[in-house]
Structures are given as structure tokens and as C-alpha cells.
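Q: The primary structure of each chain is shown beneath.
There are 2 protein chains.
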Amino acid sequence: MNATRKHILDQIKVQGDLVRQLKAAKESKEKIENEVARLLALKAELGDDAAPTNQKFTLKTPKGTRDYAPQQMTLRQSVLDRIVQVFKRHGGEAIDTPVFELKEVLTGKYGEDSKLIYDLKDQGGEILSMRYDLTVPLARYLAMNKISSIKRYHIAKVYRRDNPAMTRGRYREFYQCDFDIAGLYDPMLADAECVKIVSEVLDTLDIGDYVIKLNHRQLLDGMFEACGVPASSFRAICSAVDKLDKSPWQDVRKEMVDEKGLDGDTADKIGQYVRLSGGAELVEQLLADEKLNAVPNAVKGLEGMQLLLKYCALFNLEQRISFDLSLARGLDYYTGVIYEGVLKGEQDQAASPAKTTQNGESSESESSGTVGSVAGGGRYDNLVGMFDPRGKAVPCVGVSIGVERIFSVLEARAAANKTKLRTNDVEVFVASAHKGLHEQRLRVLNQLWAAGIKAEHSLKLNPKLLAQLQHCEEHQIPLAIVLGDDELSQGLVKLREVTTRKESNVPLTDLSAEIRRRLPL
Amino acid sequence: MNATRKHILDQIKVQGDLVRQLKAAKESKEKIENEVARLLALKAELGDDAAPTNQKFTLKTPKGTRDYAPQQMTLRQSVLDRIVQVFKRHGGEAIDTPVFELKEVLTGKYGEDSKLIYDLKDQGGEILSMRYDLTVPLARYLAMNKISSIKRYHIAKVYRRDNPAMTRGRYREFYQCDFDIAGLYDPMLADAECVKIVSEVLDTLDIGDYVIKLNHRQLLDGMFEACGVPASSFRAICSAVDKLDKSPWQDVRKEMVDEKGLDGDTADKIGQYVRLSGGAELVEQLLADEKLNAVPNAVKGLEGMQLLLKYCALFNLEQRISFDLSLARGLDYYTGVIYEGVLKGEQDQAASPAKTTQNGESSESESSGTVGSVAGGGRYDNLVGMFDPRGKAVPCVGVSIGVERIFSVLEARAAANKTKLRTNDVEVFVASAHKGLHEQRLRVLNQLWAAGIKAEHSLKLNPKLLAQLQHCEEHQIPLAIVLGDDELSQGLVKLREVTTRKESNVPLTDLSAEIRRRLPL
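Protein sequence lines, in the order shown, are assigned to chains W and X.
Read in order, the letters of the first sequence correspond to residues 469 to 989 in our numbering.
Read in order, the letters of the second sequence correspond to residues 469 to 989 in our numbering.
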């Protein structure tokens, strides 16, 4: 027995005694598990891989999280690349922020949802929490760096201790993909561009027919006022309206009356308005509504909608948008226009007969609203000011693309079509026809890599030719080079097209150039 | 007042008293700021959001973290793109894993450094910790999914509660950029390919002359045994040797003798070996060394080095590599070859006269070893087995590119050269020559976007022409369209090349095509 092994065995004995003592003393489960883990780690160090001693905890990712396998990453990367192209077409610049923030940065920004924030353990030093979205970190970044205008995009993971329905594309760790325009500009120009971006993103991803619902927080507030809701209840009632995308009006009315103390008449008045959706003609109709046009907030909201609809028409978006008074959005920080992109197929599939038409979309709220919802956003003019020591405001409007939901839809489609995406980009596989050629393979690979050609080999000294060629077919590698002494003695190698199995001899000196000529196959 | 609120108010009182005491005692600024932060967090929990109390905490990112501004992101993205190209050239596939893991996954994997792991607060449910590197998550992923071979790359942030010297490119949150080959292959073929990848990455990034130091954990253990180190001290002495990249031999010797209880003679014998570096001839010399060739571990390590050096020679790496017996690497999990890429310029600059040549590299240990170190890795054959319920091993070898350090070097160079990277890709700015043209601008923009042209405008109704043209020059936008009623009435617009200021009239109907013809300028 070598000395290292002896030493580890000694340590295992000591650690084993410790675990037994802890168990006898009925110490806390965590403490015992920690020491058991150490014990198992020591045993693993012995490298007796056969020993049945590995960790006993379930091998899994944390609840609500997942790994992305190469197949998923390939799809994800292609989706994100196309989204970034849209963002760049509109002048976006990228930023990145830390995955956690000082807890105070997040406190008081998310209303009822603040309980979903992940906190880090206090290990001495600062009190930290995981970011809940990318919007509050942007506001902190702008205030901290005194930046008064930017068009930025940010693609990163955010964290919510939700109880996710992961089968429906909802997670505790998920990607957000945000584009925001910060700066003091003329009304609705930036807002309309964000709506345009949502539409370009959904078009480029080709995930089916969609509608972008539009509404305005000022109009919602004005409408509540007109219906007789006390100002102190605006946010609570707004949050009830937000549930119309997953619950029928009767349930929402019940929440307003039973839980939020609204009288039934007031609720019914709200019910009349939130059923409405349409276009410019609906704005006209509401501007003529006597209850609404007596309330300045409502008029301002409607005038904003009027301008937004006009700009959207200039962007050829009429067929894509719907002014929808039931759209409320959950987050507290919105102050103006709000919008949400919803897949129409999803909406129809999930609508239950119990639901009315204008709120019959599918199911649960998500990063971007409902599961059918694949993008959302709005204007938030006061958030940056909350971080500035002097309260200096930087008006912002932005959009968040619900990429997780989009991944789910596209993955389901790929599975249905039995599409197998390539997960690597290898162009040439370098194979040996017989034994003893591994050094020749390394020389050829070195030459190919130097020419920028993507190439690999089996990493075995003497792999079987058939196994090598099967590898090429399975991985959809277009070309294979087959080395053999006969050809090599004449300075040649066999170049094989994998799908056609056509082979021809190519001089080693011309190999890279010949491969370049054949690619892309 | 509800009970929660009462409890928070009590806590605020206690915390307020603590802050006052610390201030009275003139405690360190950091300590006081931490406690003030807690106080403010408590106050924020009261949720008195309406109060006109912009936060009083310092507006900052958490200690050891930073934002990336657009300028930095542009550089970072171009570095990562080039690295990914190398990874793909070698057949790499991407995966992603959650940013946190079950705490047990990380327990017992990092030796002395485990104290640097960030834990999440226990909010009910699973006990979680932030990932410390990308290697242990890979091992968990392979074991969990029973994957026995993969070439994967993974670019993501990792977390260490270190005390970072951020001016030197060290952070608590930083990107790792890993390529690993998992699978049972023939000796040193995968290992040599990883060394080749390090060299291709450093070549493609063009960050200056470098050397890749190579060593072998089995040789180190055999060498310790040959010198008479008790097996129980191998890891401790290895960790002392690891410090040779920042401390002179005399300090390391002192640690071995005073702290780790080695006798002086044994330490001196080690000192003789760790001074050695060279190539294949050094392997020969050591294989002939009577002390070493009596120890099976040493012989195995040397034979491995011999094969590795041969393969590296086939990859034309002789001028880039150095077999270096002082290289030890900090992490516990390595079992075979270890390597580290070090920038030579850095090494020379920081070497102090007190340091001997072979250990005179610069300064502090980092994600990838020393600050001069920009890549590192090695073989770890037992890590996956630690996660497999039956201990089934999957041999692995990999490399981690120290991208943060590379960013720092390239940022410093860009600053020195006064290079201003473009942070957006806008190709055309759509300007108004006079008032009242904003709707025309939206129409033209809509046409350009539809043609895939990257275009923006001022987002103001009536911007000044000069301001618009200055914006183009500042942001290095190559083309501007200047709209004016005169031209528009003839169906024309003015197209201006921003740098030359050359203008010509172009028919609106031909605009996108004409812009395509002019780009890239």
C-alpha cells in the first residue's frame, strides 16, 4: 500500500468516527450530512471507483433550474443571435451587471412579488440578493454612472423563488432578454420603436401568429378613478385586473370585492371597461366617454395611446397590435405605456369555455405575463430616480423577450418534426484505415487547424475504421479524411464525402485548399 | 401595528444602536458601512415605499463585482467570439448549468478553498451554493446524465468570496471559459489537444509572448515521496509548491518547515527539483535520477510527460511549452497532467530581484493561477466518479481560459493606444434638415429596417441638424440620410458619408439598395 493511500485510510477512519459521534449525539441533519459528504469525498479520493460509497443525495439541479444540453444550447444560441440582430438593427449596445445586487437595490421595487427574491446567506460583509429582473439593475447602473441616455440590451439569467410549472417553460432560473431606451425624448417615439422591436423579434423567430396588446397605466388609473376606486387601492385593483389573463372576470370581480374591499357597483363599472379592445376607433370612443373624459389622467393616457397607435401605423403594425383595456402587467414600476406580445395559437388552444373572449388567454403568469405571452414591457419613468441621491429621473421604456417560452415552443416544434440540430461544427474527421497511424493523424490535424478548418479525430491510438465512419454519420460531419500507408507513401490521403460515401485521393500538400473548395457541403 | 412590523421596528432599534456604537468607537469604515447597509435593509423591509426617501446606501455593485459598460462588452464579446472559434475548431459543443448547485455537490471538492463558496440563505427548501468553477458542475452533469464522452465548452460566471485585488483583474464574480474533453481515450491524446487549444487561443488573441508550463501530479507526488515527504503531507506540500509563482523559494521553504512540519533536509531536496524546467532532455535526466526512478509514481509521471512532449512536438508547440517542476496548481481534484499559460511580458515586468528565475513570475494567485497566468487546467480522472452512485469514473482533462485577465490586458492596451471601439453597429442615421419631418423619418426607418439595415434617429420631434450630424461623428456611424422637403417633393433624399461629408441625392425607392452598395464603408 502506498503512503498516500495509507494516509487517506487514516483520515477516513477519523472522519467515520466523527460521523458516528454526531449521529449518536443526534446532531442536526445538515451537520451530519456535511460530515458524511466529507467522508464520502475522502473515500472517493482512494479512487476505488468500484467501492459503492458515493454520495447519497439525489443527483439533480436545484428545484426550478435545469441544465442546457448541447442540442438545447444550439437552438438557444440561434434564437439569441437572431434577437440580438434585431436589437443591433435598432442601435442597441450591450451591458452586463452582476448576478447579485446589494439587497437594498431590489427592496421596494417589485410590490407583492418581493417575497420571491433569492437572498444570499449572510457570511459577513454585504447583504446580497440575486437579481429578479434586468430592469432594476439597469436603473441602478444608470443612476450610479449618471448616464442620461442609452439604448441597451442585456441577455442574462434572473432568479425568482416561484413555484414553477416547468413543463410549461417556467423556471426559477431563466433567461431574460431585454432592450430598453433610456433618455428624455419626445412622447411615444421610443415607445413605438419598442413595440416595433417586439414585432421584428417575433417575425424573425417565425414562431407563429401573434398579437401585441397595448395599454397605458395612466389610462388604467384614470379609469379606476372614473369608476370610483379610492386612489389608495389603485395598485391593488390594477394587480387584480392583471389576473384577467388567467382567470375569468367573475373570479377577478370576486377578488376586487371580497379581498380588496371594492363595492360591487364599482367593480362592475371596471368590468365594462376591461372587456374592451380595439384600435384607434376605440380611443375615439373612450375620449368621448363622459365618465373618462372628466378625469385628466384618463385623457392623458388616451392621448398617449392615440399618438402611439399613429406611430405604430407608420411602422405598418396595425395588423399586429390591439389596444386592450384588460392588459395591466404585474410590476409596480410602470408609469405609462405597457404592452405584451401573445402567441395566438397558444391563446386559442388554452382558452376554456368558462373564460370570456377578451381574457381567455392561456394560464399562468410568467416572466413576461402569461404562458402564451412571449414578450412584455412598458414605460417606467421613475425607477432611475429612486436610485439617484437627488432623485434625478431618467425616463425609460423597454421590452423583455420571453425567451424561455420561445425556446420551449421551438423545442417542441423541433421534436415534432424530428429535426436533429448539429451540436458541433466539425467539418472534417481525420480517420485511420489501419493501426499505427495516430502520429500521422496529429500531423494532418495540425495542418487543418492551422488553416482554420474544424477537425477532430477519435483520440484513440487504433480505432476501428467502421466506428470512425459511423461517428461521422451520427454527428453529420460532412467530410472524412482516411489515412492509410499506401496513399501516404505517395503523399496522398483519401477524402470522403460522408453522405455520398464518394472518395477521392488528394495530395497532402493541397489538402486544406481542397477541403475549403468542398465546404460548405 | 402588525407583529411583523413590530418585530422589524425592534430590529431597527437594535441595529441603529449598533451603528451608533461602531461610530463612537471609530471602527473601520467598511465595518460601519456594512452595518449601515443592514440598517437600511431593515428600514426598507418596512415597505414605506411612498416615503420620499431615496436610498441612503452607497450606490455600488457588491464587493468584488462590476458592471460591464458597452465599451467593455464590445471588447469582451470579440474576445469570447474568437475563443469560441478555437473551441469549435476542436469539435467543442456548448452546455450551460445553473448558477447555483445543491450545496452537497460542491462540498469536498475544493480543499482549502471551500471557505470561499457563496451560500444562499436558507429560505425553506433546498440548501444551495453558487458555483465556484465550471468543472464540478460539468462532473455533476456527466454523472447525472450518464454521459461517458463529450467535448464541451462552457462560458459563464463563477463566484468566490475571495479578497480580490480588482485593479489586477481579480474579482468575486468573474467569467470562466472552459473546454474539457471527457471520455476514456488513449494516454495524452486529449491532454495534448488541450495544450494545443491553449496555444491557439493565446495566438488568436494576440496578447503577447507566452509560455505554457507543464507538469504532472503523479510526478509531483513521486518526487515528494522520493524526497521523504510523509504521504499525509503530500497535498499540503503541493499547495506550498503552488505558491512558488508568487513567493521566492526561501518563503516557500519556510512554510514547509515551520508550518507544515517538514524537516529542512527534505525541503531542500524538494528545492533542488522544483528549480528545474526544460523539455524532453529534462525528462530523460529525471528518468535517470536514482532517487526518482525508484518511485513508481515518479516514473509513471515522467513517462506521461515524455508522451505529452512528443505529441506537443507534433503540434509544433516546442517553442511554446516548458516542463516545469515548480508548477503545482491549487485545486485538489487534479490527478495527472497540469498546465498553465503565462504571459512572458507580465512575468518579466513583475519579477523582483529577490526571486529566482524559475519562480519569478508575477504576484497573486487567481482563477487560473497567477496574475500573469491566463490559462490553466489539467487532468481530473476521479471527479465524475465522486458523483456517480456506483462510482463509475469518466476520465476528464480540460482547460480554463483566464478571460478576465485577458480582458484587463486588452483594455489596458486599448486605453494606451487610445482605441475607441464602436459600441453599436448602426449603419445609417436618419436625420431631419428642418422641423416637421418626424413622420417621414419613421417611414424611412421602417423601410430600412425591413431591408435589414441598422438604422436609428434622434427620437426627438425637431432635433437640430448639427446635433444629429455630431451624433453620427461621435458614434462613428458611416452614413446619414438627411431628409428635407425640397428633396422629398422630388422623391429624393440626401445620402451623406459621415467621414468625408460627401453628399448625393438618392431616390427613396432605391435607398436601401444604394446603402447596401455603400456598406461596409
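These aren't lab readings, by the way, just hints derived from the structure by calculation.
Any given hint could turn out to be false.
You can't tell identical chains apart in this list, so a pair holds if it fits in one copy or across any two.
Said to hold, decoys possible - Taking lysine to any residue and the SDA-like style, the derived pairs with C-alpha atoms no more than 20 Å apart in a straight line are:
#1 Lys474 with Asp800
#2 Lys556 with Gly920
#3 Lys860 with Gln944
#4 Lys737 with Arg721
#5 Lys589 with Lys932
#6 Lys778 with Leu878
#7 Lys528 with Thr977
#8 Lys728 with His943
#9 Lys888 with Pro946
Just so you know, these numbers come straight off a predicted model, no measurement behind them.
Q: Which numbered hints does this structure break?
A: 3, 5, 6, 7, 8
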